[in-house]
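Number of protein chains: 2
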Amino acid sequence: MEIQGEDDYFVKNTPPKNIEEVEKKTKEFLNFQIEKDRRVVLVTSGGTTVPLENQTVRFVDNFSAGTRGSASVEYFIEQGYAVIFLYRQHSLRPYSRHYSHSKNCFLDMLDIDNDNIIVNNKYNSFMKIILEKYKKAKAENLLLEIDFFTVKDYFFYLNKITKILSTIEEKAMYYLAAAVSDFFIPPERMVEHKIQSRAGGLNLSLDQVPKFLKPLVSEWAPKGLIVSFKLETDPDLLISKARQALDRYGHQIVIGNMLLTRKRVVHFITKDAERKIEMSDEELKNGMEIETKIISELKIKHDNWIEQSKN
Amino acid sequence: MEIQGEDDYFVKNTPPKNIEEVEKKTKEFLNFQIEKDRRVVLVTSGGTTVPLENQTVRFVDNFSAGTRGSASVEYFIEQGYAVIFLYRQHSLRPYSRHYSHSKNCFLDMLDIDNDNIIVNNKYNSFMKIILEKYKKAKAENLLLEIDFFTVKDYFFYLNKITKILSTIEEKAMYYLAAAVSDFFIPPERMVEHKIQSRAGGLNLSLDQVPKFLKPLVSEWAPKGLIVSFKLETDPDLLISKARQALDRYGHQIVIGNMLLTRKRVVHFITKDAERKIEMSDEELKNGMEIETKIISELKIKHDNWIEQSKN
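As they're listed, the protein sequences go chains A and B. The first sequence begins at 1 in this note's numbering and counts up by one. The second sequence begins at 1001 in this note's numbering and counts up by one.
There's no promise every hint is true.
Here are some chain A residues pointing at chain B (derived, C-beta under 7 Å) [claimed, not checked]:
| hint | residue |
| --- | --- |
| 1 | Gln55 |
| 2 | Arg58 |
| 3 | Val60 |
| 4 | Asn62 |
| 5 | Leu107 |
| 6 | Leu110 |
| 7 | Asp182 |
| 8 | Ser205 |
| 9 | Leu206 |
| 10 | Asp207 |
| 11 | Asp234 |
| 12 | Phe268 |
These aren't lab readings, by the way, just hints derived from the structure by calculation. Beta carbons are placed, not taken as given, at the ideal position from N, Cα and C, and that holds for glycine.
Only chain A is shown next, with the shape it has when bound in the complex (with noise of 0.2 Å):
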């Protein structure tokens, strides 16, 4: 069972309960996008969890910090795109990301200074620039943003924001930078409660998960720039897994990256030509990041995309 029917799986699991609340908010957000003639790209980001018990305690998790997905998402909206970010939960989120709780603590920064709490003029400038940003993106609507935990919820919104977006037709990108479970295990097989240590340690059996991006380039967003990551850590097999899955759901790119050189370099791979966009030593001294070259790149691939669809 390599591809699960659609129709089967969101029919056999439970939907999120606030799946409704998401298409409302979502439809209302690409309205607004329309009137202004905006493009929009869905960017997916950080890792999906698969529950091991109903009543959560374990699960089995994806290495994702989210760092390209928010990252890419500042840069969608200098290049003028309207950005809808489906998250991972406690994940980095655009313009915070500068500030995460474990890195670059905000308290650090923060002066009292009689009854009003001041941001150092060690920190100010640099925080000034991305203040400004965040303030504009919100002010000017430029982004809506949509958490989730599991893989479930995540397929369930990715369906539901898909098929919204698709209205637009050429006009939108599909940026999935989301790392995907593979594995998963049924609702008919998990088990109600936490599961108990034990000398016999634990035996798991996990299904593979549906393979989504077929359907998704083939049926809810059949004329969107579709843009797929590969993540391995195997440098042999990272070209040909990447041209594999382009050949196998007949998207327009994938981009190739190896978990060590993740910030560093990546591979554009489309149907006919292969490149590599790369960091030089210099480039990532100065707090440059190579999210702002892969943006570049796409912009440009979606000018082409959109162009080419009025022929």
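Mind docking chain B on chain A? Use the hints.
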């Protein structure tokens, strides 16, 4: 193999790279507190992860945002303790927890006022209280924070820190709030590269992790006051599992809590007694946290523990 020998585990597994640095910091911190004649508590917090590959893309995780641990630190400091906070990377930390990037994002609280960035009046008074406590904790060197990601690194740090802390004997408390994995994949069975998606699904076989609470109580820190936690989802199991842990490991207190009510009710289980600590709706509405009651109670128990040891 329920209890794997301590030496065996710490020989078979590779220590975290910075273990010597952590050792040095802990000793310096402890020496400073000894001079100030302070009590010291080790607070562990957050979930631990079990990697499924050496070059880790996937892992098994435990549900824990680190709320219990990070909140408790603030109340311990209010009670005069110095705290070593051993926490899961990216989980909540004391003080900054009030402004995580996913809730109460601090960027929403800032205004640009000419060249300054200031905290909006609406948020000013609450933040001032937090900020003053935070600055005091730093200025008086009351808090040492050490982060981990995998259960293996957690065990190495726990072992090292506990042994150092045990030199102050009864004046040390161990408040083990981290949600420690019960199962892991031993190094000899770990695959190197990312497990590939495949139609056949995935079978995982995990061993039980060594129960280090046993040597911690009997060998690493035999004179300290040791508090462990028991989280369950099945109410019929909670008290019996907590009492079982107390019998098995021989320490002083188990705090039992249910997944769904953990912010409202906890049970203190000791050798001779059982006591429920509860929050009223009124208290919860006023933003009071159950950890303030837990820590007040533990402070009294610690007073008695130290007093008894003098006889």
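The hints, checked one at a time:
1. Evaluation of the A:Gln55 hint against chain B yields a held restraint, the C-beta minimum of about 4 Å falling below 7 Å.
2. For the restraint placing A:Arg58 at the interface with chain B, the shortest Cβ-Cβ distance is roughly 6 Å, inside the 7 Å limit, so the hint holds.
3. Because the smallest distance between the Cβ of A:Val60 and any Cβ of chain B comes to about 5 Å, under 7 Å, the interface hint for this residue holds.
4. For A:Asn62, the shortest C-beta to C-beta distance to chain B is roughly 6 Å, which falls under 7 Å, so the interface hint holds.
5. About 5 Å separates the beta-carbon of A:Leu107 from the nearest beta-carbon of chain B, less than 7 Å, and the hint is met.
6. Against a cut-off of 7 Å between C-beta atoms, the interface hint on A:Leu110 holds, since the closest Cβ of chain B lies about 6 Å away.
7. Evaluation of the A:Asp182 hint against chain B yields a held restraint, the C-beta minimum of about 4 Å falling below 7 Å.
8. Given hint, A:Ser205 at the interface with chain B, holds; its Cβ is 5 Å from that chain's nearest Cβ, closer than 7 Å.
9. For A:Leu206, the interface hint holds, the least distance from its beta-carbon to any beta-carbon of chain B being 5 Å, beneath 7 Å.
10. Interface hint at A:Asp207: satisfied, since its Cβ lies 5 Å from the closest Cβ of chain B, which is below the 7 Å cut-off.
11. With its C-beta approaching chain B no nearer than about 5 Å, A:Asp234 sits inside the 7 Å limit, and its interface hint holds.
12. Restraint check, A:Phe268 versus chain B: the minimum CB separation of about 21 Å is more than 7 Å; hint violated.
Taken one by one, the earlier hints fail for this structure only at number 12.
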